[in-house]
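Q: These are the residues of each chain, in order.
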Amino acid sequence: MQTLQEKINYDKTFDCVQCGYCLPACPTYETMERETHSPRGRINLVKLVAEDKASIEDLREPIEKCLGCMACTTVCPTNVQYGQILEGAKEVIEDQRSESGKQSKVEDFLFESFFSSEKWMRTLGNLTWFYQKSGLQAFANRLSLTRFAPLHLEKIERVIPEQPSPKARAKRVNHYKPDGPAQAKVAFFTGCIMDGVFFETNQNTIELLVRSGLEVLLPEQQSCCGALHAHSGKIDDSRELAKRNIEAFEKAEVNYIVNNAGGCGARLIEYHHLFDEGSYWYDRAKRFVSKVKDVSQILVEVEGLEFTKPINRTVTYQPSCHMTNVQGITSPPLELIKKVPGITLKELDRLDFCCGSAGIYNIVNYEDSMDILDVKMKDVCGTQPESIITTNPGCLLQMKLGIEREGATETMDAVHLVDLLLEAEPKVNYKFC
Amino acid sequence: MNEWLQILNNHIPDQRILTDLADRYSYSFDASFGEHLPDVVVQAKSKEEVVHVMHIANRYKVPVYPRGQGTCLSGGPLPVHGGIVLDLSQWPKKIDLNVEDLTVNVSPSVLTANINKEAEKYRLMYAPDPSSAHVATIGGNLAENSGGPRGLKYGVTKDHVLGLELVTPEGEVIRTGGQTIKNVTGYDLTKLIVGSEGTLGVITEATLKLLPKPRAAQTIMISFDEVRTAGLAISQVLTSGILPSKMEIMDNASIRAVESFQPAGLPVDAAAIVIIELDGHPQTLEIETELVREIMSKIGATQIVIPNTKEEANKIWQSRKQVSPAIAKIKPTKVSEDATVPRSKIPDMMDRLKEIKETYNVELVVFGHAGDGNLHPNILCDQRDKEEMRRVEQAVEAIFEAAIDLGGTLSGEHGIGTMKAPFMENELGTVGVEMMKRIKDSWDPNHIMNPGKIFAERGQKLVLTDD
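The listed protein sequences correspond, in order, to chains V and E.
Just so it is clear: in the first sequence, position 11 is 11 by the UniProt record's numbering, and no numbers are missing.
Just so it is clear: in the second sequence, position 125 is 125 by the UniProt record's numbering, and no numbers are missing.
Everything hinted at is true.
Stretch-level coverage of chain E by chain V, calculated; a stretch enters the list once three of its residues show a Cβ under 8 Å from a Cβ in chain V:
1) 17 to 24
2) 60 to 73
3) 128 to 138
4) 330 to 336
In silico DSS-like links for lysine-lysine, alpha-carbon gap of 30 Å or less:
5) Lys329(E) <-> Lys286(V)
6) Lys338(V) <-> Lys310(E)
7) Lys331(E) <-> Lys53(V)
8) Lys177(V) <-> Lys286(V)
9) Lys309(V) <-> Lys177(V)
10) Lys378(V) <-> Lys93(E)
11) Lys243(V) <-> Lys185(V)
12) Lys286(V) <-> Lys331(E)
13) Lys378(V) <-> Lys346(V)
14) Lys338(V) <-> Lys117(E)
15) Lys7(V) <-> Lys329(E)
16) Lys121(E) <-> Lys378(V)
17) Lys94(E) <-> Lys117(E)
18) Lys65(V) <-> Lys45(E)
19) Lys310(E) <-> Lys153(E)
20) Lys191(E) <-> Lys61(E)
In short, the hints are calculated from the structure, not lab data.
Glycine included, C-beta positions come from ideal geometry on N, C-alpha and C.
Let's have the full structure, built from the sequences with the hints guiding it.
A: As structure tokens, this is what we get:
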């Protein structure tokens, strides 16, 4: 039995010297205007809970209102493992909740409000599949903690793209080969939200990889990355999903495991954190992690594409926080955007400021998320872009929502980097093949 | 509920009066040591609100602790006797530049680095550069009289303040100084208030002095095989007619810590390195750089690096910046001191610090602003190890003693706060402290303004653990 102090990572809180350097980087400190909603404040509260000076209930709101964008970890001068502290805190909060047994009421609510929405249903097809695969189970549990805050699902529905027919989905195969000899063999991690809501973008990703001279496999046994579970304190579930993916991708015997969602990628590269160092699964996870790449990284590395169609458009780039702060990938997407002929890239003032999407944060903490989005959109509008380029489904939906809020749907759109790249009609660059 | 707590929200909205445990704990600390739970946190956004708080506090004799972003290294905003933490960080940010006067009016919540950023748009600069300038508020810098590396040439915060608006402990509003460079009207209350650590009132606005921004800068890094030689070299440069903007020193322990944290190609065998920045006109810099090189090679420097590009120079400064995080890897708790000695005494102080390290068997590394005698001996320890912390407390006392022995001071730029209060008399004498207390008594008759700071309470000792 783990003690509370171990679970909540009490030891790790001592790495924080309370210098406050994280404050200017934290979106919620900026919009909520209090130290309680800053990384330093949260770490201090975690420590106090471990010391029994504050209760888990005192910790609940500050932790639930954290976006988990990890911008604080990038600026932290003492390398505090905030991600692990946050996850530990969520787990402890979730444990306390599950003991109170509020589950059934929440599920009723979910089925009445959420799944009765026709568009969501049509979009997501098989409800059970999505419910299990996407981490919505974790989401459902989380709802009890928010006391049935209005979900504003209708606002998010409006920005969901048109969906391909079930036929189109069914047409997808599990193995794609390039025309010439393959430079390398990669497995594509499809993700659940990406595959559910942005199926087209996933298809485009496969197309780009193949045109780059890569052989692409889609391991059938793959599942959700488990990020949403972990964000909701369901570490055990997250660990199970990790094991499934590790097994599925081991079987594929590939050089790289490619994903196109900053949030999923961030989870995948931290799989080893879920296991005890030196254990059997830890080693397997380590081998898995060493192969994980974002699609932008692999495209830059293999240099297999030459863009032929000019796109005369002013764009700005909104990086995925998890890609920047957890995966540490910052330049490849920018390099690719700059390679597209005709493009004018105007960079944001505050690239590292989260858009407020943050997994399902914009659903469960809608108002807080919109406060953050408004800060972001002010910066975005300053660059007067025609397109906002993103690298993560959550960010993509949120930017679409931001455009709606600004009333700019006529002049601005949001696209995934992959879609932009394919629009520029890339041809195979054979010099590296 | 207390009566005073109830009437607070007559003029301040509920959402800015924080009484939840989680909120109160979030304002119970700063970047130094100690945790003290306030009764309430009030987030003031205007002078009128501060006046309101002070009227109530004075009437009900409730302590008030002004706070910026809580980056203080000496305990300035700690609510050591409970009461009200007055959070000024959410105040609307105002930076009004008067380019032709070379002045700027600022609200207390403005981040110090942003003042300089604004000034630079007009080829001006706000000189004080504490390393936390991108996080800390100017209000906090004014209260603590903060300094930074550029202090060598440009002085500390007090040297750049022309006027202040202050709400007194009794809730009156006064203005000190003004908008002019010269001003000898009456007592210099501005300088009294700057560095008074929030014990004389709440600063609600400041007029600061700006300087023309130097056109260029040149970095030089010099290695020595003896710390003494490094100290001598620093003195020689300063007496040669050159005044660098920065002169930083890193001892062997800090060099090694940086190299094992984030290798930057520093000479790991050097006993010390000195990093100099010259600023001014490019042509002057060329001449001065050559002069520095001559002095250094004559005195026996083992290596002189003169970077050709900005990137190379930045890399050197980056390694200096890495000292703090790098040494934090040695042990989790960092006790950072800022005892300062006359510059000629740097070699002596380095010797004393070495003795202290051995006597108390503590992990002590030394770096800092050698050009102005402001060293940062840092002791790395573990707060959870009570026995070790006792030794650290003794070592810190010995550092203070050494600095005073050598004609120096307890604090060059962090302030006295709670930690150094017990040592004030050692430096200033009984009467010296008593005269300061008289000023405090007449300004704050009910002792509600940031009590527990600067002046030690009976029997107060240096304590670095929470219990």
